[in-house]
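Just need the whole structure built from these sequences, with the hints factored in.
Numbering (UniProt numbering), first residue to last: 1 to 77.
Because the hints were derived from the structure by calculation, they are not lab data.
Predicted model, so just to flag it, every value in this text is computed and none were measured.
Positions of the beta carbon are idealized from the N, C-alpha and C atoms, including for glycine.
Honestly, I wouldn't trust all of these hints.
With beta-carbon atoms standing in for the labels, derived distance ranges [to be verified]:
no. : residue 1 : residue 2 : range
1   : Ala34     : Lys59     : 12 to 22 Å
2   : Ser74     : Ala38     : 19 to 29 Å
3   : Gln73     : Gly43     : 44 to 54 Å
4   : Ser72     : Glu45     : 35 to 45 Å
5   : Leu58     : Ala38     : 16 to 26 Å
6   : Arg4      : Gln69     : 25 to 35 Å
7   : Ile5      : Ser67     : 25 to 35 Å
8   : Arg4      : Leu27     : 14 to 24 Å
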Amino acid sequence: MKGRIAIVGDAAHLPTPLTASVFYASLQDASTLAECVAKGIQGTEVSEALLEYESLRLKNARQIVQSGQSFSQSFGR
Numbered sequence: 001m002k003g004r005i006a007i008v009g010d011a012a013h014l015p016t017p018l019t020a021s022v023f024y025a026s027l028q029d030a031s032t033l034a035e036c037v038a039k040g041i042q043g044t045e046v047s048e049a050l051l052e053y054e055s056l057r058l059k060n061a062r063q064i065v066q067s068g069q070s071f072s073q074s075f076g077r
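Below, the structure is given as structure tokens:
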């Protein structure tokens, strides 16, 4: 998240065929972003709403990357 721009889906997650979790994460991103933006429409600053989105989704994005790295290491990559 930077200013009034947020990335979601494959742009926000490192896709890996081994974990097959990026599609679900993309749906979660879209849902969470919609909820946060709705708060912006109701009076919350857009940048504040996007920071909330980032804080809610960043931990999950990191877990996806770590899972992919762990799986890759398991297969000697």
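The hints, checked one at a time:
Checking the proposed 12 to 22 Å range against Ala34 and Lys59 shows it holds: the Cβ atoms sit about 19 Å from each other. Checked against the hint of 19 to 29 Å, the C-beta distance between Ser74 and Ala38 comes to roughly 40 Å, which is inconsistent with it. Between Gln73 and Gly43 the Cβ separation comes to about 47 Å, which falls inside the hinted range of 44 to 54 Å. Distance hint check: the CB atoms of Ser72 and Glu45 are about 40 Å apart, consistent with the given range 35 to 45 Å.
Hint check: Leu58 to Ala38, Cβ distance near 20 Å, so the stated range 16 to 26 Å holds. Separation of Arg4 from Gln69 is about 31 Å and conforms to the stated range, judged on CB atoms against 25 to 35 Å. Range check, Ile5 to Ser67: Cβ separation about 26 Å, and the 25 to 35 Å hint holds. At roughly 23 Å, the beta carbons of Arg4 and Leu27 sit within the given window of 14 to 24 Å.
In summary, the structure is inconsistent with hint 2 from the numbered list given earlier, while agreeing with all the others.
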